[in-house]
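Peer 1: Read top to bottom, the protein sequences are chains P and G.
Quick note, the first sequence lines up with residues 815 to 1195 if you use the numbering used here.
Quick note, the second sequence lines up with residues 892 to 1151 if you use the numbering used here.
To be clear, the hints were calculated from the coordinates, so they are not data collected in a lab.
In silico DSS-like pairs for lysine-lysine, Cα to Cα no more than 25 Å straight-line:
no.: 1; chain 1: P; residue 1: LYS1029; chain 2: P; residue 2: LYS948
no.: 2; chain 1: P; residue 1: LYS1080; chain 2: G; residue 2: LYS1121
no.: 3; chain 1: G; residue 1: LYS1069; chain 2: P; residue 2: LYS861
no.: 4; chain 1: P; residue 1: LYS920; chain 2: P; residue 2: LYS1047
no.: 5; chain 1: G; residue 1: LYS1088; chain 2: P; residue 2: LYS831
no.: 6; chain 1: P; residue 1: LYS1047; chain 2: P; residue 2: LYS1035
no.: 7; chain 1: P; residue 1: LYS920; chain 2: P; residue 2: LYS1044
no.: 8; chain 1: P; residue 1: LYS836; chain 2: G; residue 2: LYS1069
no.: 9; chain 1: P; residue 1: LYS1044; chain 2: P; residue 2: LYS992
no.: 10; chain 1: G; residue 1: LYS1088; chain 2: P; residue 2: LYS871
no.: 11; chain 1: P; residue 1: LYS836; chain 2: G; residue 2: LYS939
no.: 12; chain 1: P; residue 1: LYS1159; chain 2: P; residue 2: LYS836
no.: 13; chain 1: G; residue 1: LYS939; chain 2: G; residue 2: LYS997
no.: 14; chain 1: G; residue 1: LYS1088; chain 2: P; residue 2: LYS824
no.: 15; chain 1: P; residue 1: LYS1103; chain 2: P; residue 2: LYS828
no.: 16; chain 1: P; residue 1: LYS1159; chain 2: P; residue 2: LYS849
no.: 17; chain 1: P; residue 1: LYS871; chain 2: P; residue 2: LYS828
no.: 18; chain 1: G; residue 1: LYS1124; chain 2: G; residue 2: LYS1140
no.: 19; chain 1: P; residue 1: LYS1080; chain 2: G; residue 2: LYS1126
no.: 20; chain 1: P; residue 1: LYS836; chain 2: P; residue 2: LYS1162
no.: 21; chain 1: P; residue 1: LYS836; chain 2: P; residue 2: LYS849
no.: 22; chain 1: G; residue 1: LYS1124; chain 2: P; residue 2: LYS1080
no.: 23; chain 1: P; residue 1: LYS921; chain 2: P; residue 2: LYS1047
no.: 24; chain 1: P; residue 1: LYS1124; chain 2: P; residue 2: LYS920
no.: 25; chain 1: G; residue 1: LYS1027; chain 2: G; residue 2: LYS939
no.: 26; chain 1: P; residue 1: LYS921; chain 2: P; residue 2: LYS1123
no.: 27; chain 1: G; residue 1: LYS1108; chain 2: G; residue 2: LYS1027
no.: 28; chain 1: G; residue 1: LYS1116; chain 2: G; residue 2: LYS978
no.: 29; chain 1: G; residue 1: LYS1069; chain 2: P; residue 2: LYS840
no.: 30; chain 1: P; residue 1: LYS861; chain 2: G; residue 2: LYS1088
no.: 31; chain 1: G; residue 1: LYS978; chain 2: G; residue 2: LYS1108
no.: 32; chain 1: G; residue 1: LYS1069; chain 2: P; residue 2: LYS828
no.: 33; chain 1: P; residue 1: LYS1080; chain 2: P; residue 2: LYS1159
no.: 34; chain 1: P; residue 1: LYS1044; chain 2: P; residue 2: LYS921
no.: 35; chain 1: P; residue 1: LYS840; chain 2: P; residue 2: LYS1159
no.: 36; chain 1: G; residue 1: LYS939; chain 2: P; residue 2: LYS861
no.: 37; chain 1: P; residue 1: LYS861; chain 2: P; residue 2: LYS922
no.: 38; chain 1: P; residue 1: LYS824; chain 2: P; residue 2: LYS871
no.: 39; chain 1: G; residue 1: LYS1088; chain 2: P; residue 2: LYS828
no.: 40; chain 1: P; residue 1: LYS831; chain 2: G; residue 2: LYS1069
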Amino acid sequence: MDFNLSPFEKMVQKTAKDFCEKEVTKIDAYMAEHKDYPPDLLQRFAKARLLGMDVPKEFGGIGSTNFNLILFAEELGKTGSTCMLPFFMNNSVAETICHWGTEEVKKKFVPPMCDGSAWASMAFTEPGTGSDPKALTMVAEPDGDDFILNGTKRFISMANKPGYGIFFAKDLSMQGAKTDTTAFIVDKFSPGITCSGHYELMGLDGADTCDIFFKDVRVPKANILGEQGKGFKILLRWIAGERIQQAAALVGGAQGALEEAARYSKERVVSGFPLGFMQGFTWMLAEMKTKVDASRLMVYNAILLQDQKKPFEVPSAELKVFVVPMVQEVCRMAVQIHGSYGYSKEYKVEKLFRNAMHGGIVASSLEINKTIAGMAYLAGR
Amino acid sequence: MNIIVCIKQVPDVTEVKWDENGSLIRTGLPSIINPNDKHALEAALALKDVHGGTITVISMGPPQVEESLREALGMGCDRAILLTDRKFGGADCWATAYTLGLAIRKIGSFDMVITGVEAMDGNTAQVGPEIADFLKLPLCSYALDIRCEGDKVFVLQNMGDMVRELEAPLPCLITAEKELNEPRVAPMDMLMEAYAKEIEIWGMDVLDGDPANFGLKGSPTRLRKVFSPKRIKGKVEILEGDPAESARKLVEKFKEHNFI
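Make a model of the complete structure from these sequences and hints.
Peer 2: Encoded structure:
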């Protein structure tokens, strides 16, 4: 399928493939052994200038486009490597701070995320909520030039790594206001912060997702991102962009599963015929390819809207509605085509299938996105 | 230190597809920088990292070679020259070395020329040495390691079963082995800059050579035929019995086929 990519964009795809062959294979080998990211992971991305892709050069970025970023995301997704998470996080959090932050905030927090010296995190989810700001229990109480934060955040990626995270808390100085969620940029190694061990996840092997606990953590008022009480808007915009990156990686994962299935179905011979030429399997491959291609079109459409600074929140929700069932079905079919081999950890499709399941849960659930897309459609009629 | 690197664009054989007759399907085959030449580029970039200077990358071929030159610029080269002219078409190793040699002479001042040992689509390993011969440069081929001190270069040369340490004055020509280094991935910001840079296009008229020496006309070698060798299909035979009995049967088989 030809999307009429420019010579430069084709070169970006080729470079992404190169990076995956050279770096990601080494990263995955380390992660398989240590069940964690290599300590120099971000430096590897930074050396290839893959952090701060949509961040202006003056803040340490490269001033590229989100489109180029998702071309990389597709290739990373195809490998099934968990290292895509810090890649997404550092890029999207740096971009978010650039969008909402003051000059001072941008100068302080964005360059370390672009040069790989700081691991970025985004922390909204708590034990009792994943998407309702009214249910937040982390509180921020003003105290002189600081706020004091108390509470727990759950399932936070890279929470235990040195760097900065955007933490959302109920702002006690905004009591009585219509909205009271404020976003704070927090040094994750501040006094009073502790973390749990890693969660063992179904997919995304080696991810360091954990809980993070705040006990009287002092955060300067200067670290507030955007307007006080308007933090939820920041979260919604960030998550809309994150969904597109995630969808690109999911399309990459589905493409990877499709290619594995196609290769296997040509190699495996049943009753004298390669498996793929038996009608039942040919039809499966046809469905898989068509769905992957259609999803890619949707991803490219959504990311172009973001690059053109047009509203992309609803297309990004629609993307999730279509892409998540697609990748889960395509990876399931790839496992099925492989038979018992597909159920074995020796084969890549097993990993891609497990990874696909995170699509409907991480970076906002499938159901929430159906609500966003459905309500937007009804409101527009 | 000013270095000139010669690269070739070749078909990506990892993406090769074959038709039902076992012939290579060339249509739509993506092109890449010849893998050995990427090691040549990395060697030059590593020397530049230490000693400073500039790297000029040159390549002879059709206009689409521009993509490979842009990739080289993205990796960190400073200047790119594409030698393209219909009259260069069909060149063998000698005519290619003649053309590249003239271009290098025209570029003028340099400390080193680096090429890959050989191209994956020809496997002659002749162009680098022939350029050295044309330019009367010392040749350090099959380099596994390159170290510069003052106006000298020290090269570890791969001789198969042994390694030789060579010393040569600068300027010289080095051919790079794949074990020499691990080529870097072009950083995204430099790739963006590479697409904004100009690529110089040089034709036969720029090179000031003898027209009779370019391309097919200037090539002493003639390609007579390209063919895929017939695939020999074997069969597997399992020799039953205990180890001693199986070994005896195996020896009989060897004798039967005149292996022993």
